[in-house]
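**Student:** Line by line, the protein sequences give chains X and U. Take 13 as the starting number for the first sequence in the working numbering and just add one per residue. Take 147 as the starting number for the second sequence in the working numbering and just add one per residue.
It is possible that part of the hints are untrue.
Label-pair distances were calculated between CB atoms; the ranges are [stated by the list, open to error]:
| id | chain 1 | residue 1 | chain 2 | residue 2 | range |
| --- | --- | --- | --- | --- | --- |
| 1 | X | Lys51 | U | Ala156 | 29 to 39 Å |
| 2 | X | Ser92 | U | Leu269 | 16 to 26 Å |
| 3 | U | Asp175 | X | Arg117 | 21 to 31 Å |
| 4 | X | Tyr17 | U | Lys151 | 12 to 22 Å |
| 5 | U | Pro185 | X | Leu91 | 42 to 52 Å |
| 6 | X | Ser92 | U | Ala197 | 23 to 33 Å |
| 7 | U | Pro194 | X | Lys51 | 31 to 41 Å |
| 8 | X | Gly76 | U | Pro185 | 15 to 25 Å |
| 9 | X | Trp50 | U | Pro194 | 28 to 38 Å |
| 10 | U | Val201 | X | Leu108 | 49 to 59 Å |
| 11 | U | Leu204 | X | Leu83 | 14 to 24 Å |
| 12 | U | Met147 | X | Ile124 | 30 to 40 Å |
| 13 | X | Ile59 | U | Thr148 | 21 to 31 Å |
With a cut-off of at most 25 Å between alpha-carbon atoms, the simulated SDA-like pairs for lysine to any residue come out as follows [what the hints assert, rightly or not]:
| id | chain 1 | residue 1 | chain 2 | residue 2 |
| --- | --- | --- | --- | --- |
| 14 | U | Lys174 | X | Thr65 |
| 15 | X | Lys51 | U | Phe207 |
| 16 | U | Lys151 | X | Val72 |
| 17 | U | Lys174 | X | Ser64 |
| 18 | X | Lys51 | X | Ser64 |
| 19 | U | Lys174 | X | Leu83 |
| 20 | U | Lys151 | X | Leu83 |
| 21 | U | Lys151 | U | Ala190 |
| 22 | U | Lys151 | U | Leu204 |
| 23 | U | Lys151 | X | Trp123 |
| 24 | U | Lys151 | U | Ile191 |
| 25 | U | Lys174 | U | Val160 |
| 26 | U | Lys174 | U | Glu243 |
| 27 | U | Lys151 | X | Arg61 |
| 28 | U | Lys174 | U | Val201 |
| 29 | U | Lys151 | X | Leu86 |
| 30 | U | Lys174 | U | Lys151 |
| 31 | U | Lys174 | X | Leu86 |
| 32 | U | Lys174 | U | Leu198 |
| 33 | U | Lys151 | U | Pro267 |
To give an idea of the chain U side of the interface with chain X (calculated C-beta under 10 Å), a few residues [claimed, not checked]:
| id | residue |
| --- | --- |
| 34 | Met147 |
| 35 | Ala190 |
| 36 | Asn193 |
| 37 | Val196 |
| 38 | Ala225 |
| 39 | Ala254 |
| 40 | Gly261 |
The hints are simulated quantities; they were obtained by calculation from the structure and are not laboratory data. A virtual CB, placed ideally from N, CA and C, is assigned to each residue, including glycine.
The chain contents come next:
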Amino acid sequence: MSDFYAWAAIALIVVASTTGDVLLSYSMKRVGDVGELWKRRGMLAVIGRVFSTPTFPLGVAAMGVAFYSLLFGLSWGNLSLVVPASASLTFVANALAARIFLRERVGRRRWIAALLVAGGVALMAV
Amino acid sequence: MTFRKYLVLAGITVFSTAGDSLLARGMKDVGALSLHNLPGLLIAILNPWVALGIVFLLTFFTCYMSALSWADLTYVLPATSLAYVLVALVGHFRLHEVISPTRWLGIALIAGGVGFVAAGPSLTPGEVSSHESRDSLSQKVEL
């Protein structure tokens with residue numbers, strides 16, 4: 013039964029952190045290159061623009077959910093299961109979500125990279 | 147990709163690793179937390195290791211947001227996964243932990259993935275339009 017709870021926590025972590033990453037990436041693409049913006053308008057303009065992007069706080073909130081799911085997951089399952097399983101599944105979920113929601117071109121090169129990293133992270137836990 | 151942008155990617159890797167390690171070090175002093183002991187959370191923040199860890203993680207978050215403003219999510223995530231390798235190497239060389247052959251294989255896979263994505267383009271055309279491009283567009287219209 014505790015296995016079921018651990019995998020439920022892993023699923024929640026993957027969904028929440030993928031949602032967070034996609035929302036934050038979307039927000040920052042709307043803000044534009046912060047290095048350029050900083051040079052032209054200064055630091056306050058960068059901070060103002062980031063915080064006035066409505067999807068930014070949503071992304072931070074989703075990351076918060078992912079963080080607390082991790083804490084609960086760690087109290088239900090083993091560190092060596094929860095952390096690598098959620099991290100490596102998140103890499104694959106992010107590649108899918110970025111393709112669908114952010115319309116990034118996830119070509120063969122990026123799929124191979126995501127799968128290699130996901131596999132590597134899983135192996136690190138063995 | 148300029149040298150400064152590679153520095154930001156390196157910053158993500160280093161600051162997330164350092165922040166996590168400092169938090170882990172500090173939480174050893176603080177002990178287990180529970181939802182019934184909320185004041186414990188405040189005491190945890192007062193621990194110097196934890197406080198320093200939080201500062202590092204905030205720096206990491208700033209670098210991460212900066213990178214996402216000029217590179218794809220599917221580029222930034224694999225490119226910064228060297229953090230996993232870094233943690234293992236710190237454990238091996240500084241803390242004298244033993245790394246099993248399977249873990250070395252994992253390290254090799256991650257490093258290979260990083261090389262694969264870093265050799266490709268950092269930004270592909272998406273449908274998200276930035277204020278930046280709209281600004282320059284409106285400037286052109288004004289001209």
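**Student:** Hint by hint, say whether it matches the structure.
**Tutor:** Hints and how they fare:
At roughly 21 Å, the beta carbons of lysine 51(X) and alanine 156(U) sit outside the given window of 29 to 39 Å. A hinted range of 16 to 26 Å for the beta carbons of serine 92(X) and leucine 269(U) is inconsistent with their spacing of about 36 Å. The hinted range of 21 to 31 Å is not satisfied by aspartate 175(U) and arginine 117(X), whose Cβ atoms lie roughly 47 Å apart. Between tyrosine 17(X) and lysine 151(U) the beta carbons are some 41 Å apart, a value that contradicts the proposed interval 12 to 22 Å.
A C-beta distance of roughly 26 Å is found between proline 185(U) and leucine 91(X), which places it outside the suggested range of 42 to 52 Å. Roughly 28 Å separates the CB atoms of serine 92(X) and alanine 197(U), a value that falls within the hinted 23 to 33 Å. For the hinted restraint 31 to 41 Å between proline 194(U) and lysine 51(X), the CB-CB distance of approximately 36 Å keeps it satisfied. At roughly 20 Å, the beta carbons of glycine 76(X) and proline 185(U) sit within the given window of 15 to 25 Å.
At about 31 Å, the beta-carbon gap between tryptophan 50(X) and proline 194(U) stays in the expected band of 28 to 38 Å. Distance hint check: the CB atoms of valine 201(U) and leucine 108(X) are about 34 Å apart, inconsistent with the given range 49 to 59 Å. Look at leucine 204(U) against leucine 83(X): about 19 Å separates their beta carbons, and that is inside 14 to 24 Å. Checking the proposed 30 to 40 Å range against methionine 147(U) and isoleucine 124(X) shows it is violated: the Cβ atoms sit about 20 Å from each other.
Range check, isoleucine 59(X) to threonine 148(U): Cβ separation about 23 Å, and the 21 to 31 Å hint holds. For the suggested pair lysine 174(U) and threonine 65(X), the alpha carbons sit about 38 Å apart, so the restraint of at most 25 Å is broken. Restraint check: the Cα-Cα separation between lysine 51(X) and phenylalanine 207(U) comes to about 20 Å, which is no more than 25 Å; the hinted pair holds. The straight-line distance between the Cα atoms of lysine 151(U) and valine 72(X) is roughly 23 Å, inside the 25 Å bound, and the hint therefore holds.
As the CA atoms of lysine 174(U) and serine 64(X) are separated by approximately 38 Å, the hinted pair breaks the 25 Å bound. A distance of roughly 19 Å separates the Cα atoms of lysine 51(X) and serine 64(X); the hinted pair therefore holds under the 25 Å criterion. A C-alpha spacing of about 15 Å is found between lysine 174(U) and leucine 83(X), which places the hinted pair at or below 25 Å, so the restraint holds. For the hint pairing lysine 151(U) with leucine 83(X), the CA-to-CA distance comes to about 32 Å; that exceeds 25 Å, so the pair is violated.
Taking the CA atoms of lysine 151(U) and alanine 190(U), the gap is about 34 Å. The hint is violated against a cut of 25 Å. The straight-line distance between the Cα atoms of lysine 151(U) and leucine 204(U) is roughly 18 Å, inside the 25 Å bound, and the hint therefore holds. Among the hinted pairs, lysine 151(U) with tryptophan 123(X) is consistent with the structure: their alpha-carbon atoms are about 23 Å apart, no more than 25 Å. With a CA separation close to 32 Å, the supplied pair lysine 151(U) and isoleucine 191(U) exceeds the 25 Å bound.
A hinted pair counts as satisfied when its Cα atoms are at most 25 Å apart, and lysine 174(U) with valine 160(U) qualifies at roughly 21 Å. Among the hinted pairs, lysine 174(U) with glutamate 243(U) is consistent with the structure: their alpha-carbon atoms are about 18 Å apart, no more than 25 Å. Taking the CA atoms of lysine 151(U) and arginine 61(X), the gap is near 21 Å; set against the 25 Å cutoff, the hint holds. Our distance criterion of 25 Å between C-alpha atoms is met by lysine 174(U) and valine 201(U), whose separation comes to about 18 Å.
Between lysine 151(U) and leucine 86(X) the CA atoms are separated by roughly 34 Å; this puts the pair beyond 25 Å, and the hint is violated. This hinted pair does not check out: lysine 174(U) and lysine 151(U) have alpha carbons roughly 35 Å apart, beyond 25 Å. The suggested pairing of lysine 174(U) with leucine 86(X) holds, with an alpha-carbon distance near 15 Å, which does not exceed 25 Å. Straight-line distance between C-alpha atoms of lysine 174(U) and leucine 198(U) comes to about 15 Å, which keeps the hinted pair within the 25 Å bound.
Under the criterion of a C-alpha separation no larger than 25 Å, the hint pairing lysine 151(U) with proline 267(U) is consistent with the structure, at around 13 Å. For the restraint placing methionine 147(U) at the interface with chain X, the shortest Cβ-Cβ distance is roughly 12 Å, beyond the 10 Å limit, so the hint is violated. At a threshold of 10 Å, the smallest CB-CB gap from alanine 190(U) to chain X is about 12 Å, leaving the interface hint violated. Taken as an interface hint, asparagine 193(U) does not check out: its beta carbon lies about 17 Å from the nearest beta carbon of chain X, beyond 10 Å.
Nearest Cβ of chain X to the Cβ of valine 196(U): about 14 Å, over the 10 Å cut. The hint is violated. For alanine 225(U), the shortest C-beta to C-beta distance to chain X is roughly 8 Å, which falls under 10 Å, so the interface hint holds. The restraint placing alanine 254(U) at the interface with chain X holds, with a minimum CB-CB distance near 7 Å, inside the 10 Å limit. Using the Cβ-Cβ criterion of 10 Å, the hint placing glycine 261(U) at the interface with chain X is satisfied: the shortest such distance is roughly 8 Å.
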